[in-house]
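Read in order, the letters of the sequence shown correspond to residues 1 to 301 in the numbering used here.
Read the hints as simulated data drawn from the structure, not as lab findings. Small disclaimer: the values here were computed from a predicted structure and weren't measured. Certain hints may be false.
[As the list claims (entries may be wrong)] Pairs of lysine to aspartate or glutamate, EDC-like flavour, derived with a Cα cap of 20 Å: (1) Lys-72 - Asp-182; (2) Lys-130 - Asp-61; (3) Lys-72 - Glu-116; (4) Lys-72 - Asp-36; (5) Lys-130 - Asp-158; (6) Lys-130 - Asp-182; (7) Lys-72 - Glu-221; (8) Lys-72 - Glu-118; (9) Lys-130 - Asp-258; (10) Lys-72 - Asp-61; (11) Lys-72 - Glu-260; (12) Lys-72 - Glu-240; (13) Lys-72 - Glu-112; (14) Lys-130 - Glu-260.
[Said to hold, decoys possible] Have a look at the derived ranges for each label pair, beta carbon to beta carbon: (15) Asp-248 - Glu-193: 17 to 23 Å; (16) Glu-192 - Ser-149: 17 to 23 Å; (17) Asn-235 - Asp-77: 36 to 42 Å; (18) Val-136 - Leu-195: 29 to 35 Å.
Glycine included, each C-beta is placed from N, C-alpha and C at the ideal position.
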Amino acid sequence: MLRSRIAGSRQLRWGAFAALLLIGSTGCVEPEQGEDPGEYFSDGDYGQVQDPIAFSTTPYDFTGELPIEDLKGAFADEVVWVGFSPGEPYPVSGDCDPERDWDETIPGVVNELPVEIEGIVTTHPRYFQKVSVCGVEQRYYGSYTLEDSSGGILVLKDSRIAEFEIGDRVRITARAIMKNFDSLAVLAYSDEEVLNSPEERTPVHFEEVERSFRADEDVYEVRRVTGRVVLAPTNQNFNEMRIQSLEDPNIEWLASVDAELGRRGIGPEVGEVVQVTAPVINSFGVRLLITALGQLEYVDP
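Assemble the whole structure, with the sequences as input and the hints as a guide.
This is how it looks when you write it as structure tokens:
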């Protein structure tokens, strides 16, 4: 009986030893290698991101149901003001005080509203605006500028998701308008419609200037300037750039690079010569608003 137990114990030890040998032998087998990805993929090439925009000196030859400049004529001569269509007044009576600490005001009634306007989009729809509407702070993350043959205007849009781009012809039904210090804007609208396909975008009309900007002539219209950068845009100056005329050093233009481009490090250095073709806005000074790479070109001096 004792002999059989000893024999069984030896068999167990030899069996365990054989199992370890098998495990060790399989561990020494070379693992199967996959295919070399280099046969299909290269290291790639480095290049500059392009965002071409077609520009033209040919003026637009159309307006919507109401020319944009005529709509701007309906704004009241106030610092801050809102106007609604007769059938769509502000819903809470006496609750609209856009003039803040001054006398309480009643929203204006604009008989021209609602009305269709249409124009060419001249700003990528992501311009941020924060305004107070009837005592309530509102944030618009996708605002853009629209221009027809008569002039341009700002359109306040709350979403950055848009089905259009610079050069698209867009029609909206304006239902409310707002003046916020120096900004004239469509506050509320409906029936936003793109009238062309992406392949049929209209070249953006511009006027090249050598003079200083004028608020009454240039705001919400596209201007082109060429000059040397004397203040580079950084996150320390809200991406503000100052450009000095090559013809007259006494003339300088302000330009703002929007936050999205600023976070990507888009912006020339001091001393570089650039050509900017972009809409003019009046926000803490009359300035160009750059929202796309195609609006900023580097020029050999």
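Hint by hint, here is what the structure shows:
As the CA atoms of Lys-72 and Asp-182 are separated by approximately 12 Å, the hinted pair is consistent with the 20 Å bound. Taking the CA atoms of Lys-130 and Asp-61, the gap is near 33 Å; set against the 20 Å cutoff, the hint is violated. In summary, the hint linking Lys-72 to Glu-116 is supported, as the alpha carbons are separated by about 13 Å, within the 20 Å threshold. Note on Lys-72 and Asp-36: the hinted pairing is violated, with a Cα-Cα distance of about 65 Å set against a maximum of 20 Å.
About 10 Å separates the Cα atoms of Lys-130 and Asp-158, which keeps this hinted pair within 20 Å; it holds. Straight-line distance between C-alpha atoms of Lys-130 and Asp-182 comes to about 14 Å, which keeps the hinted pair within the 20 Å bound. Pair hint Lys-72 plus Glu-221 holds up; C-alpha atoms about 14 Å apart against a cutoff of 20 Å. Of the supplied pair hints, the one linking Lys-72 and Glu-118 holds, its CA atoms being roughly 14 Å apart against a limit of 20 Å.
As the CA atoms of Lys-130 and Asp-258 are separated by approximately 15 Å, the hinted pair is consistent with the 20 Å bound. Between the alpha carbons of Lys-72 and Asp-61 the distance comes to roughly 19 Å, so the proposed pair stays at or under 20 Å and holds. With a C-alpha separation of about 29 Å, the suggested pair Lys-72 and Glu-260 falls outside the 20 Å cut-off, and the hint is violated. For a cut-off of 20 Å, the pair hint linking Lys-72 to Glu-240 is broken: about 28 Å separates their Cα positions.
For the given pair, Lys-72 sits about 11 Å from Glu-112 by alpha-carbon distance, which is consistent with the 20 Å threshold. Restraint check for Lys-130 and Glu-260: the C-alpha separation of about 17 Å stays at or below 20 Å, so the hint holds. For Asp-248 and Glu-193, the Cβ-Cβ distance of about 44 Å falls outside the hinted range of 17 to 23 Å, so the restraint is violated. Our hint of 17 to 23 Å for Glu-192 and Ser-149 holds, since their Cβ atoms are close to 20 Å apart.
Judged by the Cβ atoms, the range 36 to 42 Å given for Asn-235 and Asp-77 holds: they are separated by roughly 37 Å. For the pair Val-136 and Leu-195, the beta carbons lie near 33 Å from each other, so the given range of 29 to 35 Å is met.
In summary, the structure is inconsistent with hints 2, 4, 11, 12, 15 from the numbered list given earlier, while agreeing with the others.
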